[in-house]
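Engineer: Residue numbers (the numbering used here): 4 to 84.
Be careful, since some hints might not be right.
Said to hold, decoys possible - Below, computed lysine-lysine pairings styled on BS3-like, alpha-carbon distance capped at 30 Å:
id: 1; residue 1: K77; residue 2: K56
id: 2; residue 1: K77; residue 2: K60
id: 3; residue 1: K60; residue 2: K82
id: 4; residue 1: K82; residue 2: K56
By construction, these hints were calculated from the structure, which means they are not laboratory data.
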Amino acid sequence: MATEAEIYAALTEIFHDVFMREDLVLNPELTARQVQGWDSFRQIEIIMASEEKWNIKFNTRELDSLRCVGDLAKLVGSKTA
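Modelling step: build the complete structure from the supplied sequences, incorporating the hints.
Structural biologist: Right, dumping it as structure tokens:
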């Protein structure tokens, strides 16, 4: 089971890779509207990288419920528990 700190550290690495920016700082309330270039293609990259990192799969209902980074972190936590 991954801790919240481990999840955010890994998500930060994923976001840095996807956006090719090292200056992104994740917080639970961060949304796509707040990050320049976060479009549907980047969202797919984030989801696929997360699934690969933790060897998990998200279903459509779970993906539709994601509104912010905190939602993704909680979902990863529940899938790795």
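Engineer: All hints, please: hold or fail.
Structural biologist: Each hint tested on the structure:
1. K77 <-> K56: holds (15 Å)
2. K77 <-> K60: Roughly 14 Å between the alpha carbons, so the hint for K77 and K60 holds.
3. K60 <-> K82: OK: K60 and K82 at ~8 Å, within 30 Å.
4. K82 <-> K56: Holds - the C-alpha atoms of K56 and K82 are around 12 Å apart, at most 30 Å.
Figure legend: structure checked against the earlier numbered hints; every hint is met.
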